[in-house]
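Residue-level listing of the chains:
Protein chains: 2
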Amino acid sequence: MREARTKILVSFNEQLDITTKTGPNDLVTNIDREVEAFYRDKIKKYYPASGIVGEESVNENTKPAVDGLLWIIDPIDGTMNFVKQRDHFASMIAVYQKDKGLRGYIYDIMQDKLYWGGADIGVYCNNEKMAPPRNKGLEGGLFGVGAPLLIKNYHNLQNVAMRSCGTRIYGCSGLQFIHVLNGQCVAYSSYLRPWDYAAGKVLAETLGLVVKTIDGKPIDMLSSSDVLVATKNAQKDITRIVQSIY
Amino acid sequence: MREARTKILVSFNEQLDITTKTGPNDLVTNIDREVEAFYRDKIKKYYPASGIVGEESVNENTKPAVDGLLWIIDPIDGTMNFVKQRDHFASMIAVYQKDKGLRGYIYDIMQDKLYWGGADIGVYCNNEKMAPPRNKGLEGGLFGVGAPLLIKNYHNLQNVAMRSCGTRIYGCSGLQFIHVLNGQCVAYSSYLRPWDYAAGKVLAETLGLVVKTIDGKPIDMLSSSDVLVATKNAQKDITRIVQSIY
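Protein sequences, first through last, are from chains A and B. Numbering-wise, this note's numbering puts 149 at position 149 of the first sequence, and it's gapless, one number per residue. Numbering-wise, this note's numbering puts 213 at position 213 of the second sequence, and it's gapless, one number per residue.
Please note that a few of the clues may not be correct.
Note that identical chains are pooled: a pair holds if it fits in a single copy or bridges any two copies.
Here are the simulated SDA-like pairs of lysine to any residue, each with C-alpha atoms no more than 25 Å apart in a straight line [said to hold, decoys possible]:
#1 Lys98 <-> Ile219
#2 Lys21 <-> Gly137
#3 Lys217 <-> Pro148
#4 Lys21 <-> Arg163
#5 Lys113 <-> Arg86
#6 Lys98 <-> Pro48
#7 Lys7 <-> Arg103
#8 Lys129 <-> Gln111
#9 Lys152 <-> Asn25
#10 Lys152 <-> Asp226
#11 Lys113 <-> Asn13
None of these hints come from the bench; they were simulated from the model. What you are looking at is a predicted structure, and each value in this text was computed from that prediction instead of being measured.
Isolated chain A (complex conformation) (with noise of 0.2 Å):
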């Protein structure tokens, strides 16, 4: 990953090929697609039995893995800010034995800050263990959300905004993730894709903090949900203000 981002600095200096997929503002780069086929290929060579899901290919090498090991890969988390602000984004890998995360990644590339771990060995920011985030309510923390949730108000999530200490919306699920694994948020919630949430899925329980659908359901890996990551404590009083509404 520290070889990726090395080519995602140099790529500043050049120009990027910018094409849109699902509609204007779903962008991918000539760099997403270079840094997710130098992940697989690494991959492939050490993992040769492997299955890989990643966002920006055809995933011809999803299942069946022969070792039982499914790597997820988000290149490049936030190509929307990696394009406009050359800052503010993340690049992503997971590690699941079926629906068991083993090892999650979570870089924040221009603050080269590497969020790192799983359940057997515990989370760390670069060399440094993490503890884990105090269990506040929504009422003693920030709350990240993805901006189309908030602005429809799907699940009641203007409430939940106004309960909180204050929304705070960075276009980038895996800083989101990391704001609530440091404890700078109580929990982020939205409409995420598995290679938005793998990786931080991992990190997040590791750390005792809850990633459900937003109405309080097991996530159910390879698909996508309205995601919410949490503290216990927030986790409870977000499901009970998404539920009052039904």
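The hints should help you fit chain B onto chain A, whose structure is shown.
Relative to chain A, chain B alone:
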């Protein structure tokens, strides 16, 4: 301001004394007060005839200013982030002569980047002169906004957000102004008090950006308004969407 930065960083090792002002999410800490007092003392020493308006004190010296200068201070802009995140806050000073802004200073404390300047000298980030950002329209960039305006859809701002490349909420007007200054966002709108926008207005106008009320009127300095800072093109796009509801 670099001395103030040191005071703020040292405070991370001490217990903060936090109290609320107008509501549970309107915080002030002993560090806000100490930094404001520090700025006031320095200003009184070197500019004893100046008026001073600050966020955290009784404004006993506001007018009339014998030397015609008014200093507008926000010791810590984004106090909630300062308390909850230990990151993503700014310290700001502006110098005005009547309605004319002479100097603006926005200090991103954690990144150690001071944005400063005025019409006669240009705008600098630390020692590096900044070029004006590209004059992109709303659909060409990210839109920063205050959460309450977005949630309540004041001025049709949900529509503005949906037509941009994406919505960003950082909870610190100084940092959101910086994002427009350096082209990371094409616009930012929020309900702001004079100390929230005084420094940003000087810097933004120097770089050819527009700073007006959200409905396109000149800003009455020393009053609170729904302020919009934007590129010329984004300001036109946004005003059109805002006015379409009247």
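Hints versus structure:
In the homo-oligomer, the alpha carbons of lysine 98 and isoleucine 219 lie at most 25 Å apart inside one protomer (13 Å), although the nearest pairing across protomers, at 59 Å, exceeds that limit. In this homomeric assembly, lysine 21 and glycine 137 come within 25 Å of each other (Cα to Cα) only across copies, at 21 Å, whereas the closest approach inside a single copy is 38 Å. Taking the shortest Cα distances, lysine 217 and proline 148 sit within 25 Å of each other inside one copy (21 Å), while across copies they are farther apart (29 Å). In this assembly of identical chains, lysine 21 and arginine 163 lie within 25 Å of each other by CA distance solely across copies; the values are 17 Å between and 35 Å within a copy.
For a Cα distance limit of 25 Å, the shortest separation of lysine 113 from arginine 86 qualifies both inside one copy, at 16 Å, and across copies, at 16 Å. Taking the closest pair of Cα atoms, lysine 98 and proline 48 come within 25 Å of each other only inside a single copy of the chain (17 Å); across copies the shortest separation is 71 Å, beyond that limit. Taking the closest pair of Cα atoms, lysine 7 and arginine 103 come within 25 Å of each other only inside a single copy of the chain (23 Å); across copies the shortest separation is 39 Å, beyond that limit. Taking the shortest Cα distances, lysine 129 and glutamine 111 sit within 25 Å of each other both inside one copy (17 Å) and across copies (23 Å).
In the homo-oligomer, the alpha carbons of lysine 152 and asparagine 25 lie at most 25 Å apart both inside one protomer (17 Å) and across protomers (24 Å), since each shortest distance falls under that limit. Within a single copy, lysine 152 and aspartate 226 get their C-alpha atoms as close as 13 Å, and across copies as close as 22 Å, so both meet the 25 Å cut-off. For the homomeric pair lysine 113 and asparagine 13, the shortest alpha-carbon distances inside one copy (22 Å) and between copies (22 Å) are both at most 25 Å.
In terms of the numbered hints stated before, the structure departs from none.
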